[in-house]
Amino acid sequence: MRRAQLIALLALGTVATFLLSLMAGKVWIAPWGLAAGTPEALVMAELRLPRALLGLVIGAMLGASGAVLQGYLRNPLADAGVLGVSANAAFGAVLALFLGLSATPLLVAAFGMGGAVAAMALLALLAGRSASATGFVLAGVVLSSLAAALTALLISLAPNPFALEEIVTWLMGALTDRGWPQLWVVTPFAALGLGLLMLTGRALDALALGEAAARSLGVDLRATRWLVIAGTGLGVGAAVSVTGVVGFVGLIVPHLLRPFAGERPSALILPSALGGAILLLLADSLVRLSPGAGELKLGIAMALLGAPFFLWLLWRKRELIP
Amino acid sequence: MRSFKVIAALIALWAGAADARPQRIVSMNPCVDAVLLEVADAGQIAAISHWSHDPAGTSAPLEQARRFPAHGGTAEEVIARRPDLLFISPYTPMATREAFRRLGIPMVSMGVPATIADSLAQVRQVADAAGQGVRGEALVRRIEAALVQAHRPQPRPALMRMASGLVPGPGSLSEALMANSGLRSVAADYGFAHAGLLTLEPLALKPPPLLITDRPEAVPPVLKRLRVPVAGFDRRLLNCGGPSLIPAAKQLAAIRDSRP
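If you read the protein sequences in the order shown, they are chains A and B. Quick note on numbering that gives the first Met the number 0: the first sequence kicks off at 0 and runs consecutively. Quick note on numbering that gives the first Met the number 0: the second sequence kicks off at 0 and runs consecutively.
Just so you know, these hints were derived from the structure itself, not from any lab. Owing to the predicted nature of the structure, the values given are computational and were not obtained by experimental measurement. Heads up, the beta-carbon is just placed ideally off N, CA and C, and yes, glycines get one too. Be aware that one or more of the hints could be misleading.
Chain B regions said to be covered by chain A (calculated; three or more residues, Cβ under 8 Å) [unchecked claim]:
1) 182–191
2) 201–208
3) 221–232
Result set (DSS-like, lysine-lysine): computed pairs, CA atoms no more than 27 Å apart in a straight line [unchecked claim]:
4) A:K25 <-> B:K249
5) B:K205 <-> B:K223
6) A:K25 <-> B:K205
Generate the whole structure from the sequences, applying the supplied hints.
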């Protein structure tokens with residue numbers, strides 16, 4: 000498939016899932032012809048529209064970060080979730096909730112981004128020292144466990160059962176009841192992060208040939224590293240601080256699209272952003288349709304969908320992991 | 000002289016009974032804490048649970064609770080106080096319970112009551128175990144009187160939903176108390192058969208006639224736009240029943256009587 004065709008198709012899919020996300024729910028609402036002032040119009044304006052936009056922004060961010068990380072580390076296992084970036088962002092955000100800052104979403108996001116940038120910087124430094132793919136993923140797993148332990152520590156120190164309930168519910172990951180304020184917090188940082196990641200394309204293509212080859216092609220590896228750290232840290236950190244941990248998007252989407260987009264890492268970034276948005280919007284529409292009075296948590300649904308799918312993918316093409 | 004002997008014997012019996020009252024009661028159950036503070040002598044209580052010292056969690060008046068030492072809930076802290084009566088809950092971990100059993104500490108387990116009758120029975124059980132049956136009965140009378148006073152016929156429909164989204168739902172003590180105070184819960188209309196989380200969407204699509212919430216200042220913008228009438232309610236009063244039923248019934252009745 001030609002690249003332009005692929006992108007057009009994915010863009011079309013994004014628009015379609017965005018519309019689906021506006022309509023789907025316990026009550027189906029058509030986004031057109033709504034009379035102002037009715038509960039349906041209010042639900043559309045105050046809840047569904049910001050929620051769908053959040054899904055779009057966050058899905059795109061997670062998808063693109065997966066494609067860039069896999070290219071930069073030359074490792075198909077790389078993803079913000081696997082490498083512990085999301086877990087450290089979650090730890091930062093939980094720290095903010097623990098300190099009673101939940102009333103200031105911007106501060107929660109700042110803590111989340113702090114955690115994500117710190118984890119990314121540590122990993123990038125490690126990657127600079129040893130190029131071994133196994134060592135790198137191992138370091139990510141260790142960072143992830145550390146963040147999980149620190150988060151559990153904060154939970155066990157929670158001052159009262161209500162703070163505990165707030166933290167635990169948030170950790171499960173969801174877009175439920177998020178509105179405009181959260182969208183305004185995430186969007187600038189996600190856009191900035193996405194922009195920085197887009198800039199790495201040429202360097203990633205050169206890196207595919209190895210570090211020495213990339214250097215000889217005139218790629219500034221230091222600058223590339225900082226672009227990846229800042230882009231992933233800001234974007235994933237801000238996204239996690241609003242939704243909690245929603246995994247698998249960055250891992251699955253690049254694998255799904257690589258057969259169509261080709262092996263060149265730069266050709267995969269934009270399609271992965273669109274694919275991530277489609278996947279997240281689709282999953283978020285599905286959780287709203289779950290039976291019962293409540294809603295399935297998006298983070299849980301993503302793991303339930305993502306894990307078996309990824310295992311199947313590994314099974315089918317075992318040469319995927321070198 | 001014979002009648003004097005009988006009286007003397009009765010006094011001895013009464014004194015003996017008083018001595019037989021547990022003198023070092025420890026409670027690991029915040030709901031029992033609230034009852035103990037009402038029925039036991041101050042000298043009988045060795046320690047209460049740490050929840051009762053927490054302004055956001057206590058089911059008893061905070062100042063009253065702070066007059067007694069609290070423990071953190073580990074077996075060590077409890078054993079160090081050498082209790083002669085220990086109140087636990089169904090949520091006390093198995094290992095902790097086992098440690099008490101090995102040491103031969105007398106234990107009474109109390110759950111979280113789901114109905115008003117359960118709650119009153121629990122008050123009596125706690126008071127009896129503490130050797131204060133008379134005061135327990137008096138407390139039950141006070142609660143019953145408060146419920147009668149708060150009783151309102153002609154129920155007004157309302158939904159109780161905490162800021163976290165939690166809806167107590169059918170079969171809960173909260174709904175029983177609402178019903179007594181003249182508030183008909185509409186939780187079942189949103190598909191609740193028991194407690195659960197209610198998201199904003201179904202709530203906005205079917206605005207409740209009256210929303211009772213623990214944080215009226217934090218009502219989501221979409222409900223404000225729909226001009227849903229809101230009443231604030233102290234969530235701590237619904238955790239346990241027992242003595243807190245008195246202010247709870249009063250608050251709910253005041254909500255029922257407020258102008259629509």
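In rising order, the numbers of the hints this structure does not comply with = Of the numbered hints given earlier, the structure breaks just one, which is hint 4.
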